[in-house]
Amino acid sequence: MRFDERPPSPAHLRGFHVSSAPASATEPPGFRDPALPLHKRVDDLLSRLTPEERIAMLHQYVPAVPRLGLAAFRTGSEALHGVSWLGVATVFPQAVGLGATWDEDLVRRVAEAVSVELRAFHHHRTPATGGGRHSLQAWAPVLNLLRDPRWGRNEEGYSEDPVHTARLGEAYCRGLAGDHPTYLRAAPVLKHFLAYNNEDDRCTTSSGLRPRVLHEYDLAAFRPVVASGAATGAMAAYNLVNGRPCHVSPLIETELRRWARPTGHELFVVSDAEAPSNLVDPEHYFDDHAESHAAALKAGIDSFTDHNEDSATPVGRLREALERGLMEQADVDRAVRRQLELRFRLGEFDPDLDPYAGIGPEVIDCPEHRALARHAATESVVLLKNDGLLPLDPARTRRIAVIGPLADTLCEDWYSGTMPYQVTVAEGLAAALGAHGGEVVRVEGADRIALRSRTTGELLGKTAFDVTDWGRGMLTLRAADTGHYLSLKDDATMAADRKVLKSWEIHETFLLEPAGEDTVLLRSVLTGRYAAVEPADGRVTVTADAPDSAERWERELLRDGAAEARAAAEAADAAVVVLGNHPLINGRETEDRADTDLPATQEELLRSVAAVRPETALVVMSSYPYAVDWADEHLPAVAWTSHGGQETGHALAAVLVGEADPAGRLPQTWYRGDDPLPAPLDYDIIKAGWTYQYHPAAPLYPFGHGLSYTDFSYRELRLSRSSTGQDGAVDITVTLANSGARAGSEVVQLYVRALDARHEAPQLRLADFRKVRLEPGGSREVTFRLPAERLAHWDVAASAFTVDPGDYEIIVARSADHPVLTESLTVTGTASAPRVVVERRTSAVDFDDYADVTLVDATRADGDAVTPTDPARPGTLLFHDVDLSGAVRIEAETAREDAGPGAARLVVRAGGQVLAELDVPRTGDRYAWQTVAGELDAPPEGVHDLRLTLHGDFRLSAFRFGGPGTAD
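According to this note's numbering, numbering within the sequence shown proceeds without interruption in unit steps and concludes at 968.
No wet-lab data here; the hints were simulated from the structure. Incorrect hints may have been included.
Here are the simulated distance ranges between beta carbons [said to hold, decoys possible]: (1) Pro-420 - Glu-323: 47 to 53 Å; (2) Lys-502 - Ala-567: 30 to 36 Å; (3) Asp-852 - Ala-357: 56 to 62 Å; (4) Pro-34 - Ala-330: 25 to 31 Å; (5) Pro-282 - Thr-735: 53 to 59 Å; (6) Asp-852 - Ala-563: 50 to 56 Å; (7) Glu-458 - Gly-131: 45 to 51 Å; (8) Leu-459 - Asp-490: 22 to 28 Å; (9) Ala-357 - Glu-52: 28 to 34 Å; (10) Thr-830 - Ala-330: 43 to 49 Å; (11) Lys-502 - Thr-830: 56 to 62 Å; (12) Ala-72 - Pro-420: 28 to 34 Å.
The calculated lysine-lysine pairs, modelled on DSS-like cross-linking and capped at a C-alpha distance of 27 Å, are [said to hold, decoys possible]: (13) Lys-298 - Lys-40; (14) Lys-502 - Lys-462; (15) Lys-502 - Lys-489; (16) Lys-462 - Lys-499; (17) Lys-489 - Lys-462; (18) Lys-489 - Lys-499.
Ideal placement from N, C-alpha and C gives every residue a C-beta, glycine not left out.
Starting from the given sequences, assemble the full structure and let the hints guide the process.
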């Protein structure tokens, strides 16, 4: 079809069938009639669009269609914890801080405020780039689980637990969307599907997910949110899963959209930025962009976020794919239909009926949102340790030294809005103490240095610099006279002119490398180059590629930061040391942390202060956990907050002086410093031992941990029945009492544990939780309804969730490491039979255990397989309780790209006995599959553990045992 032709009627579009009656010249078109059902309005509008107009709608920036009165449209506004990138807006705590509240109602109210401000930007602010209005499609929340605390984007997720994450994620979605039955206030998009938890090489690394981890862990965070109908879309992740890029994952259709179908609305799925182009380079998964874009569209990507505002390039690729027959018009129409449905739901075509159209600009940073930001920040503070130092009594603690790089500054992260104002910890405490006649002494604890050129004798920047260590030697240098950061410019010069660090590439971090006594080299972290002095004019440029050609700088210490901090602490009644990270340095999007240690100079500063002031409290303000083992052992008090937004100082001060009870609980495990964590790319939480569910060592602070200033007691744990069927439910009741002298909040956490499980079960697993606030002396009966399905595990033999009959423990706990009350529950029913493999195809990935294998893609479109991680070392698959009765033959589906050195063979064993050895021939391509077969040397009978050993470089997707009479 030529795109200058009029479109055929929808009934003739390949794979797409609708009917619509033409409107008369005097009647408005059907899509303008709000009385029509939504699907009929979508059908009508789609039928009026030309094929060229439709394909143009597949890009993030959708052009207007003036002949139909359609405005330009764009996908995606960032709204993770406030409206981002669009200007001044209310900034709430980071998502991990909201996760620490364990408060679904609060999270919903935060999201409501965010969406109200987004509506104001949509109606009353003009975008800086592109056409149309600011998008009402909110790219939030992030449901990626915080498996590894070293993840650079840890701050964006809620929790390491799928139940906790799903509950808060659904609450955030509902707050964004509003509660109108027809129209959305904003359209929440879940990020990032799927198993995205590393930044280093994120576009080319593959997250290996065995079926149990896939279904019990990673999908479990998304499934309830989508099934509830609260989400309107999802964003695919940059990474690969089992060797296949997420942007062409069959899970988009087989899982995400399957869950959404009963809600009556389809999900609108968007790509991440530039990810469609990544499919060719750097992933090299497809040979050309037309092929890759067609594959992504057919896999379920509806909108291509690629090439910024340049829609011509991605749309041109899609047009080429259509012309080459790589996709059909029906594939285009399906994606456009989903976009149009969303636009109708956002009220675009019914401005007079849209209940949110009247939101004005005055809601941005309004007093109600400021109060909510303060409340959210307060509720997110977690008290990790307290030996009685806290709360500080302002009447007796007259002077407090507030010390550290984060004592008197707040940071924005990449997904923060622009804070309208900032209340630092020092300012918050000063206000709290000032009301009682006390005072705060503020000391950053940073060294002030001068860097003098050995060549010219000139001071770098003609000023001194205050130096802050953010870890791994990465430093920022702030001019002593202005407070501005030294920054590397595009022409390789430097200037101290940056007030705030917030850019995709950070130009303001440097290394000071020793080059002799009191002499250093200045090196840019961004470019890796060294500062040098131009011989001709003495200009300083960061152009030297090696130390030999770099300038030597005489480092002169003008102020000893640690000594100044010690003096302030010694003269105070108490010290509050505020340490942590800058969200854009050393652990951020595109960069994981190497470890969980505090920056060395921050640790030294803390110990120096504590040595002279025993009454020292550590406040960790960070995007992720730190190994603060020394502080836990030696200090009387430790607290944590995320980067809590504009009201951080008021919130922390309220908790530190006891105006508020510390109500936060940890949303992820804080591991000890000497605990060797699993490899960052080991996504198998079961075998690697990730999270509270499987980690074998005792943590520093467990998941769910958090102290209060009051005392809570639990009593009278009761189950409505002591046993239930596999499809039944039980009501669990416990009484919580505040036995202390002040009001406070407790998070009642309900865990379950399978006893004598036939699979490798979690040590315990969160099943439910409830946040309860009680006045002193008050009590409340808390009831949970526990469906038996929450005891289920993914049965690899049945490829379905299964609730095994047997005994379980029901545990009420203060944290994953602090059980309070326990009861027993018995599940009755029929136990699973041994695995059937004779005359049945068994997927290789449906193993019970394994060693030295990697999960890979069976084809570019569908299916998983396994291959030895190192071809020189055999890989092993173990299948428990396999019924081999009647088996006389085995067939295996294999692919072997190259013959390579050495033989490739599959060895099949049962009960220690070799049943068969199959030679694996070369097939010429990793996706060229053939079946190899052989007779069993000693046909077994009965139930055995089956072991498959893969020798050499080949892939195995499935196997099948044949009985008598099945041989060729």
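Okay, the hints, checked on the actual structure:
Our hint of 47 to 53 Å for Pro-420 and Glu-323 holds, since their Cβ atoms are close to 51 Å apart. Distance hint check for Lys-502 and Ala-567: the Cβ-Cβ separation is about 33 Å, which falls inside the suggested range of 30 to 36 Å. At roughly 60 Å, the beta carbons of Asp-852 and Ala-357 sit within the given window of 56 to 62 Å. For the pair Pro-34 and Ala-330, the supplied restraint of 25 to 31 Å holds, since their beta-carbon distance comes to about 28 Å.
Our hint of 53 to 59 Å for Pro-282 and Thr-735 holds, since their Cβ atoms are close to 57 Å apart. Roughly 54 Å separates the CB atoms of Asp-852 and Ala-563, a value that falls within the hinted 50 to 56 Å. A hinted range of 45 to 51 Å for the beta carbons of Glu-458 and Gly-131 is consistent with their spacing of about 50 Å. Look at Leu-459 against Asp-490: about 23 Å separates their beta carbons, and that is inside 22 to 28 Å.
At about 31 Å, the beta-carbon gap between Ala-357 and Glu-52 stays in the expected band of 28 to 34 Å. The hinted range of 43 to 49 Å is satisfied by Thr-830 and Ala-330, whose Cβ atoms lie roughly 44 Å apart. For Lys-502 paired with Thr-830, a C-beta distance near 59 Å keeps the hint of 56 to 62 Å intact. Between Ala-72 and Pro-420 the C-beta distance comes to about 29 Å, which sits within the given range of 28 to 34 Å.
Proximity of Lys-298 to Lys-40 is assessed by CA-CA distance (about 24 Å); at most 27 Å being required, the pair is judged to hold. Of the pairs offered as hints, the one joining Lys-502 and Lys-462 holds, with about 25 Å between alpha carbons and a cut-off of 27 Å not exceeded. For the suggested pair Lys-502 and Lys-489, the alpha carbons sit about 15 Å apart, so the restraint of at most 27 Å is met. Between Lys-462 and Lys-499 the CA atoms are separated by roughly 18 Å; this keeps the pair inside 27 Å, and the hint holds.
The suggested pairing of Lys-489 with Lys-462 holds, with an alpha-carbon distance near 17 Å, which does not exceed 27 Å. Annotation: proposed proximity of Lys-489 to Lys-499 holds, straight-line Cα distance about 15 Å (limit 27 Å).
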